[in-house]
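There are 4 protein chains.
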Amino acid sequence: MSETNKIRVAIFGGSGYGGSELLRILLFHPNAEVRLVTANEHAGKAVGEVHKNLFGMTDLRFEKAPEELLTLTNIDVAFFALPHGQALDVVPQLLPNIKVIDLSGDFRIDDADVFKQFYKLEHTATDLQTKFVYGLTETNREAVKSAQYIANPGCFATATLLALAPIVKSGMLTGKVIVDAKTGSSGSGAKPASNTHHPQRMNSFYAYKPFTHQHVPEIEQHLKEVGSFQSDLVFMTHSLPVARGIFASCYLETNVQLSNEDLRNLYAHFYKDAFFVRMVEGSPDINWVKTTNFCDIAVHTSGKQVVVFSAIDNLVKGAAGQAVQNMNLMFGIGETTGLRMVGTNP
Amino acid sequence: MSETNKIRVAIFGGSGYGGSELLRILLFHPNAEVRLVTANEHAGKAVGEVHKNLFGMTDLRFEKAPEELLTLTNIDVAFFALPHGQALDVVPQLLPNIKVIDLSGDFRIDDADVFKQFYKLEHTATDLQTKFVYGLTETNREAVKSAQYIANPGCFATATLLALAPIVKSGMLTGKVIVDAKTGSSGSGAKPASNTHHPQRMNSFYAYKPFTHQHVPEIEQHLKEVGSFQSDLVFMTHSLPVARGIFASCYLETNVQLSNEDLRNLYAHFYKDAFFVRMVEGSPDINWVKTTNFCDIAVHTSGKQVVVFSAIDNLVKGAAGQAVQNMNLMFGIGETTGLRMVGTNP
Amino acid sequence: MSETNKIRVAIFGGSGYGGSELLRILLFHPNAEVRLVTANEHAGKAVGEVHKNLFGMTDLRFEKAPEELLTLTNIDVAFFALPHGQALDVVPQLLPNIKVIDLSGDFRIDDADVFKQFYKLEHTATDLQTKFVYGLTETNREAVKSAQYIANPGCFATATLLALAPIVKSGMLTGKVIVDAKTGSSGSGAKPASNTHHPQRMNSFYAYKPFTHQHVPEIEQHLKEVGSFQSDLVFMTHSLPVARGIFASCYLETNVQLSNEDLRNLYAHFYKDAFFVRMVEGSPDINWVKTTNFCDIAVHTSGKQVVVFSAIDNLVKGAAGQAVQNMNLMFGIGETTGLRMVGTNP
Amino acid sequence: MSETNKIRVAIFGGSGYGGSELLRILLFHPNAEVRLVTANEHAGKAVGEVHKNLFGMTDLRFEKAPEELLTLTNIDVAFFALPHGQALDVVPQLLPNIKVIDLSGDFRIDDADVFKQFYKLEHTATDLQTKFVYGLTETNREAVKSAQYIANPGCFATATLLALAPIVKSGMLTGKVIVDAKTGSSGSGAKPASNTHHPQRMNSFYAYKPFTHQHVPEIEQHLKEVGSFQSDLVFMTHSLPVARGIFASCYLETNVQLSNEDLRNLYAHFYKDAFFVRMVEGSPDINWVKTTNFCDIAVHTSGKQVVVFSAIDNLVKGAAGQAVQNMNLMFGIGETTGLRMVGTNP
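Residue numbers (my numbering), protein chains in the order written: chain A, 1 to 346; chain B, 1 to 346; chain C, 1 to 346; chain D, 1 to 346.
Mixed in with the good hints, there may be bad ones.
When chains are identical, the list treats them as one kind, so a pair holds in a single copy or across two.
Computed list of lysine-lysine pairs in BS3-like fashion (alpha-carbon distance at most 27 Å, straight line) [said to hold, decoys possible]:
#, residue 1, residue 2
1, K169, K64
2, K116, K304
3, K209, K145
4, K145, K99
5, K272, K191
Source of the hints: derived by calculation from the structure; they are not laboratory data.
Note that the coordinates shown come from a computational prediction; the quantities given were computed from them, not determined experimentally.
Sequences and hints are given; from them, build the entire structure.
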């Protein structure tokens, strides 16, 4: 660490929404110091000129990524918020003592064939792959603590896995699982596109990628680590006309009949040490988690039919917030440090 | 009919969104003439003062509902857009030659006990109930044509039933059905309430009434009329931050494996005479049906797993539009008359 | 006209929002027939595939613009909804008997130097320019009726001019005029861009082009035609987080003191024959004019200080609707034909 | 102060949006401790049950306001976030050593007749009135530091005054000033009402209270304290379809011609010690100040015509944030303590 005893941070890919949120958190993190933030197209510009929310709050400037990555010393941890595929190239070039937290999908899938099927990319760093720990903090806390490399979960995967992990762990799940997931427009990134064009998006709701979303394999893979998961998973993604937020409605069946209270207790127990998971009454609402690292969950039963609702901010618990939560654990500091962002009403 | 050969219309409950949409359609319907529109709290006011979209387009004024309903003559059809429970009292007092189209839930449920369970009301007109035809036009066209009384379907029920009817009819449905339905804020009515308070709603998405929505019994009842429906139905409602639109994602299983194309053909055939049902590629979007009487549907298969997406405008195909579609059939005029409202881009 | 006695229409530039709205109106216009709609990048595609609101309502397909424009016969009127500068090239090549309605800024400015200053383009058709009539229907009705070529007003210009024309005509205006104008995101066109990126736009309000908007010269030019206009005009444009609508707040001073009622009467008299201008109480609201051809206006005085509020749909009265209104007059049919689009509540 | 050396805080009126924001800030303020928060209708409920953004972050509960206010000891400062008129009754009953920061309009207007005219209330505490300091921190910093009682400025007044103070102070202002101000829906409070009903508000923009808004007198009064202000002020309020934010467009004239740069320098100099005022290029955007205590300002000139744009979050710099900023100064701690809330992109 630096002489100030702070974790020295590099951020690769600071101009997108993932990078924006990493900066919002890390620039004000009491134990971290951002030493480098890259954005090739903005190199030289002040961070506050690109992310205008940060104007007046930092003098940091964007830089080009160093050409010789081995020259990158004096860094304790590198965050990657690059488009899928780019971390595959860069991570292997870093000095081996630098910890890595990758927000892309590059290192989430253990099976290279499955990776290729969903990402349409050859996995070129299969050796490194085995060293990556899947960073769903609440279910993988101990592994994260000792990890050198973290594959930070996808936003949809985070909302879905936090909703399903307790019931999978319990062994009471039976039959297929259906997840109807909805995301805000920031999930499509900071680059304008037709599906995020305001005149249309503001009145839209639609489904996309039926049966084929790339988060399916990481959900299935991790559920098998959490418990004995043998269910079919039907996973469907939809687009919401809000900027931030993911809401997952998870439909499943239990092999015994549980009351609402039974199930709620099961979840509360599973998450008893998880500050960022809040069990709520009725339904979570993306309004109450926006800009925060919380995942709000509610459960309901009707006979053996169960629905679990979960809500997160796709850019925080679904990306940058969870990444920093993992960093905190990797460096032995309090899990919630720098992450107690308070939501707003309204 | 009137000397101008137009259908003479009365609208009970003209101040809410259902009434607003009935007026938007019927005031410009070539074969209809609105003779009476009631709104007790606005009696005497010009319609265009309350529904400012109609300012300058009509001289009609709201009236109090007549105390002696038998004095209401010279009316061919009465639409009811009143809160649940009120049509139960009023309809039995009308002259028997007046046709009735009720947009509330009062006459949708044949079983009085089920009605009471979901609406928390005693059904006080069980005799009349047997004369009501369920007005899902596309599945009940012949019955509607000869009906005297129409129970107009609920908005969620319309989106769900149009999505499920072809597969139920086909006999290929097996196992349980899960419907994840989402509605815009106008579904909560024209009266301000905390769940439609703009500062909160604009950033919200949440679920409500898990397992207990009052549209469940009419869906199950009508699916049993459409085909042999024995599946469990899990029906879940959510709130969207848009003004208009319902989107239903329906998850089901077939007893044989169908390709996307097979299933699409099955649906296209089922709806071959249905002008207002459009089979679309990928996904429907509430943006493309808003303010129109269309129901857009897309289907996808993966093995025996099926998802059917449907989108309607909750106030049009889900209420006033379908009501007028039924009126057209009841009076022997073209089904789409007055209803070819064109949506907008954006 | 065609043997069916309909106006034969060509639309150049049918893929943008202007073209989309022209199609929405003209395809259902009782006296018009769309013979050609061009969109080079969509040539061959069905109109309803690009503008999904029209899916199922037309079999029309986009075509490439003809290379030899003189071969374009059997057309009575050509609408241009192309980016600024393109009509300048195309209009001179058309057969001289074809009437033209140009929705761009190409033919709005009589002074070629002013045109160049605001549009950064050389005006290459100054001869034709003198034949163009400025198509603000309500103030130029007689000239429009006999026009061969129409320069359809800009959206901001329409809202501003309708708000100011009566007071300018009255001769009571004194001192400078300040117009604070706001537009919805569709004003930026159908092509995604950073200022219409949904995650940002949905929570934004900002000003742009201070003191330099290209609608300033057409406003000043036309006010001098309406009356004796010698005021300084401060014109400021802002961006609203809605899809549709322009709202102009116009601040001015009168040389005599007028009551609210006096001023309202003056406006009501000025617009007594204008179906599409509605004088409203309190304030107009873009919500009540959206998707319609109405311009709603309210006036208020305080001593000699006056504020005039006007609201239009930028794509209808501010573009395609007014264009068709002009077409109706040019062909001697009722001014409101095909344009009585009804707004909705909500 | 408390043994922990923290400022002991009471909040009267904790259930509205002003109270919500005071809690969001003060519960995490390093030098403050919330000892009491009142909300009669929610007495006994957990704060996190009413303001769900705070769920899991505090154990505080709402209480009824004490009937005998003299029994309220061990409090250093009382914030009032009550409806207009209520602080007038309560403040005089407090122990005189308790500092007061009132977010309502009760103590902003020195002239009791003007107060009555705009608030339709008799001012019943005119003695106390003279002890109140107007809490626009940036222009009144020294007076705030030594104040016992603070009248916290209105949201519109804050945006307007920060935009106008530098030019008024400079003595270069001449002629009338026109302020076209726009607010988000949270400005209407937490209680549902027809003007904040989501289905309508989401597509609305309209003006209200032309020439008569109650913030006019506090703006005029304070500008006369800032400099020699003799201009007529035309102040107009409008409603935006966003939850948070005020944007003011201020049109004025200078008695000498200034370049953009001159004027910007004048503003930058005026605000050189003001952390929360940021001079920006082009235009501020409410998107970049939402949830923060910043006021972003841009200036533009054209000859002697000037426009000043300012943007704030109406609930933060326009209410609770500025209130805490004032508290910090009154208690001699750093002005930005607890207030460096970072906005988000998007």
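Within, between, both or neither, where K169 and K64 count as close if Cα-Cα is 27 Å or less: Cα proximity of K169 and K64: none, with 45 Å in one copy and 45 Å across.
Can you tell me if K209 and K145 fall within 27 Å by alpha carbon in one copy, between copies, both or neither? neither (35 Å within a copy, 40 Å between copies)
27 Å Cα cut-off: does K145 pair with K99 within a copy, between copies, both or neither? within (12 Å within a copy, 48 Å between copies)
Checking K116 and K304: alpha-carbon separation at most 27 Å within a copy, between copies, both or neither? Between. Shortest inter-copy distance 25 Å satisfies the 27 Å Cα cut-off; intra-copy 37 Å does not.
With 27 Å as the alpha-carbon cut-off, assign the pair K272 and K191 to within, between, both or neither. For K272 and K191, neither the intra-copy (39 Å) nor the inter-copy (35 Å) Cα distance is at most 27 Å.
The earlier numbered hints that this structure contradicts are 1, 3, 5.
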